[in-house]
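*Asks:* Spelled out from the first residue to the last, the chains are:
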Amino acid sequence: NAGVTQTPKFQVLKTGQSMTLQCAQDMNHNSMYWYRQDPGMGLRLIYYSASEGTTDKGEVPNGYNVSRLNKREFSLRLESAAPSQTSVYFCASTSWGSSYEQYFGPGTRLTVT
Amino acid sequence: SQQGEEDPQALSIQEGENATMNCSYKTSINNLQWYRQNSGRGLVHLILIRSNEREKHSGRLRVTLDTSKKSSSLLITASRAADTASYFCATDRTGANSKLTFGKGITLSVRP
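Respectively, the protein sequence lines represent chains F and E. Using this note's numbering, the first residue of the first sequence is number 1, and each one after it goes up by one. Using this note's numbering, the first residue of the second sequence is number 114, and each one after it goes up by one.
Read the hints as simulated data drawn from the structure, not as lab findings. Hints may be right or wrong, so weigh each one.
What the hints assert, rightly or not - Listed next, with one range per pair, are the computed distances between beta-carbon atoms:
no., chain 1, residue 1, chain 2, residue 2, range
1, F, R109, E, N165, 16 to 26 Å
2, F, G97, E, S141, 17 to 27 Å
3, E, T177, F, T5, 31 to 41 Å
What the hints assert, rightly or not - Cut-off 27 Å, straight-line C-alpha distance, at most; resulting in silico cross-link-like pairs (DSSO-like, lysine-lysine):
no., chain 1, residue 1, chain 2, residue 2
4, E, K139, E, K212
5, F, K9, E, K212
6, E, K182, E, K139
7, F, K57, E, K169
8, E, K139, E, K217
9, E, K169, E, K139
10, E, K183, E, K212
11, E, K212, E, K182
12, F, K71, F, K57
13, F, K71, E, K212
14, E, K139, F, K57
15, F, K9, E, K217
16, F, K9, F, K71
17, F, K9, E, K169
18, E, K169, E, K217
Each residue gets a CB set at the ideal place from its N, CA and C atoms; glycine is no exception.
Please model the entire structure based on the sequences and the hints provided.
*Replies:* Spelled out as structure tokens, the structure:
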């Protein structure tokens, strides 16, 4: 099992460009999450999908959109990147309701210039 | 806003010593979890303690939970250089609907 995979690992964007971060899990988890991690700020939840077909805003959703494509895949889109979105992005998944342990991907390091 | 607040923010100890990290939170919870993050990597789950539990062990890890004080502690015994990492507490708040709220983390350095 690959667990949670994320692509790309690194990305540099110019202000105003768009991109989609991809996440996939092969553990048959029902819930998936996108976080951003900034120095001294810990992890902050951007969006989450409690189950296939649903998505909800987290703590810092502005400037992002998400798509739960199917049970395995959950993508995060930046429509018009801003320097404030420079961060490390983590995707995570869990079987919420039976196990609450979240499994994390390796992260995407995004720089917006 | 962040639910969990860990302290200290940074901790440096000698190999073989015990490391104690604390987490406080503000609202009622269903469970509390601790995660480890090695530099440049994703978080890895260490241990979960439910709100009706007071203490839990896993190998060299011991977690306690005091719901009356809204606090938890993580003890790593006989620390090793490989324990050098950042440690986060995360709370499943009552009524939060499938979400965890993470603290800002503690940086642990274990000197060989």
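*Asks:* With a cut-off of 27 Å on the C-alpha distance, tell me whether K9(F) and K212(E) pass.
*Replies:* 25 Å, holds
*Asks:* Between K139(E) and K57(F), is the straight-line Cα distance small enough, at 27 Å or below?
*Replies:* 21 Å, holds
*Asks:* Hey, K9(F) versus K169(E), does the alpha-carbon distance stay inside 27 Å?
*Replies:* 36 Å, violated
*Asks:* Sort out whether K139(E) lies within 27 Å of K169(E), counting only the CA atoms.
*Replies:* Holds, at about 21 Å.
*Asks:* Is the Cα-Cα distance between K9(F) and K71(F) 27 Å or less?
*Replies:* Distance ~22 Å between K9(F) and K71(F) Cα, so the pair holds.
*Asks:* Measure nothing beyond the straight line between the CA atoms of K169(E) and K217(E); if it is 27 Å or shorter, mark the hint as holding.
*Replies:* Satisfied, since the Cα-Cα distance of roughly 23 Å is no more than 27 Å.
*Asks:* Does the Cβ pair R109(F), N165(E) satisfy 16 to 26 Å?
*Replies:* 40 Å, violated
*Asks:* Take the C-alpha atoms of K212(E) and K182(E), compute the straight-line distance between them, and say whether it is at most 27 Å.
*Replies:* 22 Å, holds
*Asks:* What's the verdict on K9(F) and K217(E), does the C-alpha distance respect the 27 Å limit or exceed it?
*Replies:* Answer holds: K9(F) to K217(E) is near 23 Å, not above 27 Å.
*Asks:* Just tell me: holds or violated, for the beta carbon distance of T177(E) and T5(F) against 31 to 41 Å?
*Replies:* 35 Å, holds
*Asks:* So if I understand the rule, the pair passes when the alpha-carbon distance is 27 Å or less; does K139(E) with K212(E) pass?
*Replies:* 16 Å, holds
*Asks:* Can the restraint linking K57(F) and K169(E) be considered satisfied, given a maximum Cα separation of 27 Å?
*Replies:* 33 Å, violated
Checked against the numbered hints above, the structure breaks hints 1, 7, 17 and satisfies the rest.
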